[in-house]
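Residue-level listing of the chains:
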Amino acid sequence: MFGLDKRDTTLLLIVTVLTMFAPFILNPFPTDSGLAQFNAGYPDLMQRFVIFGIFAIGFNILFGLTGYLSFGHAAFLGVGSYSAVWMFKLLSMNVIPAILLSVIIAGLFALVIGYVSLRRSGIYFSILTLAFAQMSFSLAYSVLTPVTNGETGLQLALDDPRILGASATADGSIPVTSLFGLEMRSTYSMAVGPWDFQFNVGYYLCALVLIAAFYVAIRIFRSPFGMMLRAVKSNQQRMNYTGLNSKPYTLAAFVISGMYAGLAGGLMASMDPLAGAERMQWTASGEVVLMTILGGAGTLIGPVLGAGFIKYFENIFSKINDNVLHGWFSFLPDGIEDFLVFVIHPFIGKGWHLTLGILFMLVVIYLPGGLVEGGQRVVGWLSRRKSAQSRQSETNPAE
Amino acid sequence: MGILEVKNVGKRFGGLQALSDVNLSIKENSVHAIIGPNGAGKSTLLNCLVGKLIPDTGSVMFGGQSVLGRAPYEINQMGISRVFQTPEIFGDLTVLENMMIPCLAKRDGSFELNAFSAVMSQRDILEKAEHMLEEMNMADKRHMHAAAMSRGDKRRLEIGMCLSQEPRLLLLDEPTAGMARADTNNTIDLLKQISEERDITIAIIEHDMHVVFSLANRITVLAQGTPLVEDDPQNIRGNPKVREAYLGETA
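Protein chains in written order, with the numbering used here: chain A, 1 to 399; chain X, 1001 to 1251.
Just so you know, not all the hints are guaranteed correct.
[To be verified] Straight-line Cα separation of at most 30 angstroms, DSSO-like style, residue types lysine-lysine; simulated pairs:
1. LYS1027/X - LYS1007/X
2. LYS1106/X - LYS247/A
3. LYS247/A - LYS1154/X
4. LYS1128/X - LYS1141/X
5. LYS1141/X - LYS6/A
6. LYS233/A - LYS1052/X
7. LYS1128/X - LYS6/A
8. LYS1141/X - LYS1192/X
9. LYS1154/X - LYS233/A
10. LYS233/A - LYS1106/X
11. LYS233/A - LYS1141/X
12. LYS247/A - LYS1128/X
13. LYS1141/X - LYS1154/X
14. LYS1027/X - LYS1241/X
15. LYS1128/X - LYS233/A
16. LYS1241/X - LYS1192/X
17. LYS1106/X - LYS1027/X
18. LYS1106/X - LYS1192/X
19. LYS1241/X - LYS1007/X
20. LYS1052/X - LYS247/A
[Claimed, not checked] Label-pair ranges, simulated between beta-carbon atoms:
21. GLU1135/X - TYR124/A: 36 to 46 angstroms
22. GLU1135/X - VAL364/A: 41 to 51 angstroms
23. GLY351/A - ARG1107/X: 51 to 61 angstroms
24. ARG1107/X - TYR188/A: 49 to 59 angstroms
25. TYR366/A - ARG1107/X: 36 to 46 angstroms
26. TYR366/A - ASN1185/X: 41 to 51 angstroms
[As the list claims (entries may be wrong)] Stretch-level coverage of chain X by chain A, calculated; a stretch enters the list once three of its residues show a Cβ under 8 angstroms from a Cβ in chain A:
27. 1062 to 1073
28. 1083 to 1092
29. 1097 to 1107
30. 1111 to 1120
Derived from the structure by calculation, the hints contain no laboratory data.
We put the CB at the ideal spot given by N, CA and C, even for glycine.
Start from the sequences and build out the full structure, keeping to the hints where you can.
Rendered as structure tokens:
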């Protein structure tokens, strides 16, 4: 289907189902139950899941296929966000032109940074991209204040021109982002018994973009171009002596992944029309590296899983505090309860980074292929067990 | 006039004159061996031919065109393929994919942004790669990871990859180094077959005299960065200068 083989079609369908039914899947607990705090099915968080999913899919095209580890991809995300907000300020609140501009500007930006950085490989390439990203961050933070509004961040104002729209709504407030009148923030709540499912227009736009982005990534992975990118990772020497110029291949991969990052940045600004310099900081670049490796670099679905995993941790795990823990362990004798809370305390709340770090280490050491490899091992183990069982049941009657 | 003409090539690394005044002419459709003791400059010469090094002096002409100052991939597209001392293949890719890449490079040139069509729908490339694998006797390994193969198989694959580009000149850098006797003999047979069946020139750098005398119909002896003598194999065997500089040492 759509020029994909059976396995890839299945993968695309899985991603489609996961994103389309996310409001249900991420909301398994009734609203008033004690476990409701583990629900992640609210619009703001679901948007972040898919936006970072797109970011990681793009990053994986560069890192997963060519092995070039960029430590500056957040710069393209930030550039995308700024471009989108400028489009909202100058043109209209429609998200389409904003997202298109962010993809184009991020692509151009990636072309320049990639052209310079790709003169080196390995750690030198990583350092060059990191340096460029930090440079962009400082520029956005201070030097380019007229464009980026410095540390306050770029925001919409009532006196923005918006030539194809209104500067202000009838009641004197700033208009909201929309897709031909469909407001991004509008949410439909569906109450089913004790559950409350929320369907947000912005989320569904992001989800559709994610599915399209995933589809394009599959096509790239399976194309001759994708094969050349894997060849770059495997043996550049052989590639150069096989009549192939590896430079334009890596540059094209860099620009494509930069455009994915720009797309994610544009979507981010479309959901919440402001852009700050902190989006370009090196910690943000590191985050997408973590997502890709945690999920499984070089696999198709890995980065999406990694992005969801980390964002879930960041937003849900960090909300658990000592009071919640005391609630969970209240059935234990006081001394043991206090001791357990004391032991777990550093790993929760603000300490979620510690837990994430330990998990990351475990994955890198024991599952170098990331969560995808973990999944494959479980499936392999189950099918081996199943076939062993069926063999037994086949032989038993004969005996 | 040979297919490859090397004139007065010199190359210096710091205080070491690695090559000086090298003149070499390789005739079309011959098997030309370049031999010499360690440090004679064989590898340096080879690297000057494929664009990895640029000689300080002299000229290198391939089919009437200069190769100097061109990148390795450009020289390869001109028709020179190189086989390395340790097999250089795409270890993470399958054997079939390994074979498809040079076929794509031959068809599409050094860069082609073909990002939206499936590899497996490129019928012509697939057929050519499969055909080449059959010729190399490795069709049964097509879905194997290339890195998992034996050294002999890797060498066969690498030679097959080079041949699928239909080069005019095939350069081999000690193709049997570190191989078991059986693998060495297989490689000799394969190279013999290639030179007989194809319209191709082979230049080979080799230590193993058994390989050299089974294959070559012209031999250049290099010593201390300069050609000592160039002749037919039977004359090389009896040449006292060569015995002294090279064969005498190893005997």
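Hints breached by this structure: none
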